[in-house]
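Asks: Residue numbers (UniProt numbering), protein chains in the order written: chain A, 1 to 426; chain B, 1 to 426; chain C, 1 to 426; chain D, 1 to 426.
In case anyone wonders, no lab produced these hints; they're calculated from the structure. Only a predicted model underlies this, so the values are computations on that prediction, with no experimental measurement involved. Be aware that a few hints might be false.
Unchecked claim - List of simulated lysine-lysine pairs, DSS-like, C-alpha gap at most 27 angstroms:
1. B:Lys206 / C:Lys272
2. A:Lys137 / C:Lys420
3. C:Lys137 / A:Lys415
4. A:Lys137 / A:Lys43
There are 4 protein chains.
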Amino acid sequence: MKIDKNKIADHNGQFRESFDRDFGFVAENLSRKGIDVEKVVMKVSEFQVAVPSWALGAGGTRFGRFSYGGEPASLEQKLNDIGVLNDLTRTAGAVSLHIPWDTPKDVKAIKEVAASHGISFDAMNSNTFQDQPEAEKSYKFGSLNNTDPAIRDFAVQHNIDVINIGKELGSKSLTVWLADGASFPGQLNFQNALQNTQKSLQGIYKHLPDDWRIFIEYKPYEPNFYSTTIQDWGTSFMLANACGEKAYTLVDLGHHLPNTNIEQIVATLMLKGKLGGFHFNDSKYGDDDLTVGSIKPYALFLIFNELVYGMENNPQNPNLAWMIDASHNIKDPLEDLLQSLEAILIAYAQALLIDQKELREAQEQNDVVKCQEILQEAYRTDVRPILMAARKKAGAALHPITAYRDFQVRKSLIKERGTKNMATGL
Amino acid sequence: MKIDKNKIADHNGQFRESFDRDFGFVAENLSRKGIDVEKVVMKVSEFQVAVPSWALGAGGTRFGRFSYGGEPASLEQKLNDIGVLNDLTRTAGAVSLHIPWDTPKDVKAIKEVAASHGISFDAMNSNTFQDQPEAEKSYKFGSLNNTDPAIRDFAVQHNIDVINIGKELGSKSLTVWLADGASFPGQLNFQNALQNTQKSLQGIYKHLPDDWRIFIEYKPYEPNFYSTTIQDWGTSFMLANACGEKAYTLVDLGHHLPNTNIEQIVATLMLKGKLGGFHFNDSKYGDDDLTVGSIKPYALFLIFNELVYGMENNPQNPNLAWMIDASHNIKDPLEDLLQSLEAILIAYAQALLIDQKELREAQEQNDVVKCQEILQEAYRTDVRPILMAARKKAGAALHPITAYRDFQVRKSLIKERGTKNMATGL
Amino acid sequence: MKIDKNKIADHNGQFRESFDRDFGFVAENLSRKGIDVEKVVMKVSEFQVAVPSWALGAGGTRFGRFSYGGEPASLEQKLNDIGVLNDLTRTAGAVSLHIPWDTPKDVKAIKEVAASHGISFDAMNSNTFQDQPEAEKSYKFGSLNNTDPAIRDFAVQHNIDVINIGKELGSKSLTVWLADGASFPGQLNFQNALQNTQKSLQGIYKHLPDDWRIFIEYKPYEPNFYSTTIQDWGTSFMLANACGEKAYTLVDLGHHLPNTNIEQIVATLMLKGKLGGFHFNDSKYGDDDLTVGSIKPYALFLIFNELVYGMENNPQNPNLAWMIDASHNIKDPLEDLLQSLEAILIAYAQALLIDQKELREAQEQNDVVKCQEILQEAYRTDVRPILMAARKKAGAALHPITAYRDFQVRKSLIKERGTKNMATGL
Amino acid sequence: MKIDKNKIADHNGQFRESFDRDFGFVAENLSRKGIDVEKVVMKVSEFQVAVPSWALGAGGTRFGRFSYGGEPASLEQKLNDIGVLNDLTRTAGAVSLHIPWDTPKDVKAIKEVAASHGISFDAMNSNTFQDQPEAEKSYKFGSLNNTDPAIRDFAVQHNIDVINIGKELGSKSLTVWLADGASFPGQLNFQNALQNTQKSLQGIYKHLPDDWRIFIEYKPYEPNFYSTTIQDWGTSFMLANACGEKAYTLVDLGHHLPNTNIEQIVATLMLKGKLGGFHFNDSKYGDDDLTVGSIKPYALFLIFNELVYGMENNPQNPNLAWMIDASHNIKDPLEDLLQSLEAILIAYAQALLIDQKELREAQEQNDVVKCQEILQEAYRTDVRPILMAARKKAGAALHPITAYRDFQVRKSLIKERGTKNMATGL
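Next up, chain A with everything else stripped away, as it sits in the complex (with noise of 0.2 angstroms):
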């Protein structure tokens, strides 16, 4: 399924006199303060957020999966859905393979899909937190960090089995998160384990080509764990240092101790060249996994001034890869998607209104009412209209989940579909 360019216009066109009114206000405001709104039109309609391929399907807690219709049953059908959003938004042009639940039978078919939407390949993502049916090894008890060498060598292996895939596919980086650690006290030496999982990455990293990168994610902790070996970003970059330049630290949001600053941690990050990818999603108590910014939006907008902060002032740290990693268990998956990319945009645009000269004065004077002010007055402003214009400019919809249900794509999935299929993933 494509949603054509001209029905997408034709919705388009309907709302041309409130969008005309909307962004001319807001344009006419941003230029009395001296903002180039044309520039940041321009750097929004250019961000691009890969979507993993995992988050297609239902997802589910512990306790139950609901299913909904028209699921996609294979990786051309994720890739197909992801061409929806793409069409719709002109933000999601990429995609995050998760192997073995996405591994495509038929790259040369599986790239011509992509293609087809526009869709690149981004991170490869392994899995070494599950037993794959038939497995030789168990990861009952760690992978990389496990006791014993052969299933450390199989984890590894896996990994370079999933490079190897990327580099048919044209990615360029590997994805590691790890559900390696210990339910209780004493199941684990903390030292060896450590000690142990640096080996293994650094017998992954040996296998990484030139040109990719490997971005380590860390967590503090999951449903039945008493501890994670990479369980704070300090650990994550003492192990990137360890394997070379090619390897970086991933922030998920998610990932992270009640109140704990991330906004910090992504500036430390930035200066030392270390930060690879972000992975967005929101939360309320724990690794919820939800659609982003929906709970905790200035948390957003605070990351993303550091980022865009980043971006400017700090060469040294490569361009980032974006992805969102969100579980859809009661929304629409790809409304949930929508909603998602909406306001990773509008947490972005805001950043890129904060006046960077005036903020530094700010600081140095320690004005700090000024400095909130700044910041706030960026954050208050409504961008939705700039949004708008970054989608016009590139052929999507100026109002994506409406163009969704008023173009009846999930009635017309389920038609292709059928109700029963179910997305592989968690």
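Starting from the structure of chain A, add chains B, C and D where the hints point.
Replies: Below, chains B, C and D alone, put in the same frame as chain A:
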């Protein structure tokens, strides 16, 4: 010091054009959605928040307190400071007195000063968490929950004294916040402590005039505490019920464990007709008493969503007492309070924009995506022009902080009071 | 499989000397302090904890589930497993059934199996947090709190069905745990959700036999949730009061926000006569469902201090229903349960050693140092010989885990059941 | 005041019988398990913990400070108080001085007083988190991280001054704790603040004598803060690496977000040879500075497990500086410190009992049940007789708190110093 109305009108003059444009835009957009903008402006202009008498001086942490110039050294000066806030905003028309920090020496004179600024006397606050010099009894091991009946009586009597002062001033309510609890396991018999607290509160309640209300705060922790006797809303609610109809629970935003869903507590208490008042502030980690809306503005909006809903739908709940309860350690307290007032009104105005009928329908259809859209639509709207319209209507400043700085209020206060004053309070 | 009494006696034989020495030492020391050791041993030996039927299989996380050999595939086999635990400890004389995971097909036969192991039927557990295959109604958007009255009725009826099964089995109570709540702000009208829940619980309550009790669990969060309808003890308590005398709050140790003072909640509920039951487990971060006492044994002791106090001083509170509610992901479930049982009894025995009279005096004198000494004196005592004495008295194993391993129980179970069985449950 | 050795010996006399019985029992049991009890006793008796000079006075909260009688009013009196602790325990043979609260006026005299009590000078503590009266520069907006280089220099110079005082006294290390950070988003440029801090620390480091070490504390929050510049171990570790070989991270138990796995941080830092020191205390919610072991004794034991492991296996890590960093608000500080010392030694002794060889084997076999049994076996052992044996060997009191009370030390101190003294410090 009073800020002349004409001076404010003159200051507003320079923003006339931009205000007309901004408000015109918002008003037109909201009208198209069927919102009665004038009604929203009216509600915003009627909203009044009390300023506590201890918030006008420099606050302190456990480690340091950094004075600033022109601090108010007497209750009269504090009332003058609130007068400045009220002149600039017409939102701060009440003071909440803390006894004994701000016991009026000459009640009649104080009432006249307050009246001259249009300031009324909101809830009275007792203090049984500190020993006063030469006090007969010590609260070292608790006040209302103390094992010693003589100390409980002493603390009860203090609250009665506070009521009596309040009666003279025209206040109609008493807020009780306790630091009663234990630093160590075993120190307190929880059941006795709770029962003593209940008896003490009932002792105070007996002396409460018929047209008064008593507000019982709760708080789960404070540095150095292992347990607080009124640790949560459930305990406060139970105690309020044990006192009687005029007793209510008071919610302070900073008095919750990490991640608590405060908006749900608000909804529950209003349903039960037992939410008496609200203390505004914001926090990142603990009870940080930071400027309202400076850390989690969306959470504040969600709370106002419940408050607005309750004010519309819960006649069983009385009008609420609103107060800012923040500490001003590194900002000019008056500027800080202006920022807090702005954040409160923004959240309130945004909550007023929620289409309750549409929301109810979406909830009934379990259209979770739409529910979120409806809330975010309201939240993403830039309502600042509405606040300006409300202030303009009331004769206040369109841009209070700019006016405050342009009028060089702090400079005048320093000239008048010098740089060595130190306000009573924390 | 049943473990022969003589086999246990033989196994105990090898430890006779060390047991006599250890118990003799502890008994003498405690006697010197005026403690009636025999009474403590008696109380410990009488303490019975129910094992939930879902705890006998391998638990799972969101990511993986790792089977082990000899898992029980039927309710009969689960009862046999509990029988093993009870043979070894004489502490696990009850099962708590979960419906529909463990609906008995032949009630009479099941009762006979249970009786043959000396196992009684403790609280029944309903399940309205998962959709059963081919279910007429879905709990995707809630059960007892659903906006749709037909779904609420469906969920109420399920609870009534569970009561009816329980009546046949001889159970006397129903535990209700809900995953009702919202993933996103705006999704639920909190007040309607609470009122619907109350009405549904009252609907269930109407069908509760006179000699039954209903236990209402609370829980503030679960991965993927922004709000749970029964978020805390205050809400559960309010609902229990709205149902009537036979309704109680149930405390599960893992169902609290970080740092909650659970022992104080226990004390409050017992004072009010509304603590119905207790679910034991332990956790580091969230609701980890780890082995009891494996992370925070002192907190467990402090809770038992309140429980013991309440059992002595609060006749208004009924006998409590005790249950282990843990998940066994990487340990042999039977060994894990043996460790949990040991930890529970240790905390109980230590709490029984607290000199309540001395403690009360120290509390009244505010001798905080002494209060702490009294608690720590009890806690630091090595009470394991008391547990052994209690088990010896009851014909159980002095060293249950050693016996379990020496008897090669797991090996026998694998031989009997194979390695492919998979237990129903999470 | 000094406590005569004979007086202690006499006091011990009355417990001779019970001590012999208790120690005999433990020693025999441990010997059977192959543990060299004498070696454990020796290690325990050699363990020395520094007492900070500010811990001898009454601590305070944000709200109140409750004095007690006989507070030490001078550094000499504080050393005398530590002398009492050391007489009673022979474990408190060092003082950690805070400058400027306890700047010695007459170095030679102070050294003599210290020597007379057998007290050495442990790490020096600088203070750049408070403004001293008449100070030329203010730390209101930060010290080592300040945007103003003159203030940074001022703070660096203070640290150099502290080093110089320390050199005269015979100290060998400097501990730096900062309250540098921001109360509000936007206030600080995180990257500049971090770089300024690094430069300032390097400036201090340049003046560090060759045989000194510098310890860098981290802390994620403090009431009133939105961000602290050294928020976690990763940041401290990075800064220590940027300084050089003599720079280390210092762990304070209270300086962590809720649920942080501190023992894992300890293990990582020792593996990297960068753990410099340890501040002991306990807490329920935040940085409560409560008596060591009063809230989470098992967590303390798990930390000591890693410390003991590191001391045995990590020659790359230097000897650690141990200090109690608690606040004494409602207990007699000397009794409180005696309780802390006891709790530290209990955890240490228990950790020494862990059979490391058996543990390693169980870990390698992933026998998680056994790993837990090994740890719990050590933890559940009542090691108090071992502590008594260590104290007896050293000429200290078998029962320090009992002796302290029997000797009526507080009464003597009040007689000597009166009831109006107030110690410098928090």
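Asks: Next, verify each hint and record whether it holds.
Replies: Outcome of the hint check:
1. B:Lys206 / C:Lys272: Holds, because 23 angstroms separates the two Cα atoms, which is no more than 27 angstroms.
2. A:Lys137 / C:Lys420: Roughly 17 angstroms separates the two Cα atoms, so the pair holds.
3. C:Lys137 / A:Lys415: holds, 23 angstroms
4. A:Lys137 / A:Lys43: violated, 47 angstroms
Violated hints amount to a single one, hint 4; each of the other numbered hints is respected by the structure.
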